[in-house]
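Q: Here's the letter readout for the chains.
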Amino acid sequence: AQRVTQPEKLLSVFKGAPVELKCNYSYSGSPELFWYVQYSRQRLQLLLRHISRESIKGFTADLNKGETSFHLKKPFAQEEDSAMYYCALSGRSGAGSYQLTFGKGTKLSVIP
Amino acid sequence: SAVISQKPSRDICQRGTSLTIQCQVDSQVTMMFWYRQQPGQSLTLIATANQGSEATYESGFVIDKFPISRPNLTFSTLTVSNMSPEDSSIYLCSAGTAKYEQFFGPGTRLTVL
Numbered sequence: 001a002q003r004v005t006q007p008e009k010l011l012s013v014f015k016g017a018p019v020e021l022k023c024n025y026s027y028s029g030s031p032e033l034f035w036y037v038q039y040s041r042q043r044l045q046l047l048l049r050h051i052s053r054e055s056i057k058g059f060t061a062d063l064n065k066g067e068t069s070f071h072l073k074k075p076f077a078q079e080e081d082s083a084m085y086y087c088a089l090s091g092r093s094g095a096g097s098y099q100l101t102f103g104k105g106t107k108l109s110v111i112p
Numbered sequence: 001s002a003v004i005s006q007k008p009s010r011d012i013c014q015r016g017t018s019l020t021i022q023c024q025v026d027s028q029v030t031m032m033f034w035y036r037q038q039p040g041q042s043l044t045l046i047a048t049a050n051q052g053s054e055a056t057y058e059s060g061f062v063i064d065k066f067p068i069s070r071p072n073l074t075f076s077t078l079t080v081s082n083m084s085p086e087d088s089s090i091y092l093c094s095a096g097t098a099k100y101e102q103f104f105g106p107g108t109r110l111t112v113l
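If you're matching them up, the sequences are chains A and B in order.
Letter by letter, the first sequence follows residues 1 to 112 in our numbering.
Letter by letter, the second sequence follows residues 1 to 113 in our numbering.
The set of hints was computed from the structure by calculation and includes no laboratory data.
Just so you know, these numbers come straight off a predicted model, no measurement behind them.
Keep in mind that a hint or two might mislead.
[What the hints assert, rightly or not] Chain A is faced by these chain B residues, among others (derived, beta-carbon under 10 Å):
id : residue
1  : 4
2  : 8
3  : 33
4  : 43
5  : 45
6  : 101
7  : 104
All C-beta atoms in this analysis are idealised placements derived from N, C-alpha and C, irrespective of residue type, glycine included.
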């Protein structure tokens, strides 16, 4: 079974400080991992995916297969980064199709 | 990309009744999904809505409780049947693929009294 763990429910940092949102996963196959974000009063949207190896809004995430982690990082937090962040893993479900399994989410609060 | 709308945005229902949630996508998409997000919990996939055939349900979800329709490539409905307070959740529709990107609707906040 696939599982995604985000150990922190809430993370508060000061503006300009570095941010790291932790994500660990469990999956027997080759994982594809994503970070989704939900800003206040907005819908859930894709932030970045590991396969693209891109930086979005200053955020990066590296897949570490040895540690089964996909932590989200940003060197200098901005107030507009305050949001709910969900780590998600794409893998085959019991029904055979690909499905997204989400972590419980981490609420990031950037203090001005 | 795809823009997804859901109706209703919220509802308060009585125990034992049923509610149908509509999901409309602004373009034809192959895959549509329904999720549930219970208070304080993560998103859980209920089922994949298949166009022209029965939905594929995940473990713990059954068609009698959550019947789903998908008459075409842009529209799907989810019915929450014989509701109880435990069904109080946010229900989300999404479209896209699990392997690349899914686009989410705004959600339907359901409260069952």
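Q: State for each hint whether it applies.
A: Hints, one by one, checked against the model:
| no. | hint | result |
| --- | --- | --- |
| 1 | 4 | 8 Å, holds |
| 2 | 8 | 16 Å, violated |
| 3 | 33 | 8 Å, holds |
| 4 | 43 | 4 Å, holds |
| 5 | 45 | 5 Å, holds |
| 6 | 101 | 5 Å, holds |
| 7 | 104 | 4 Å, holds |
Checked against the numbered hints given earlier, the structure breaks only hint 2 and satisfies all the rest.
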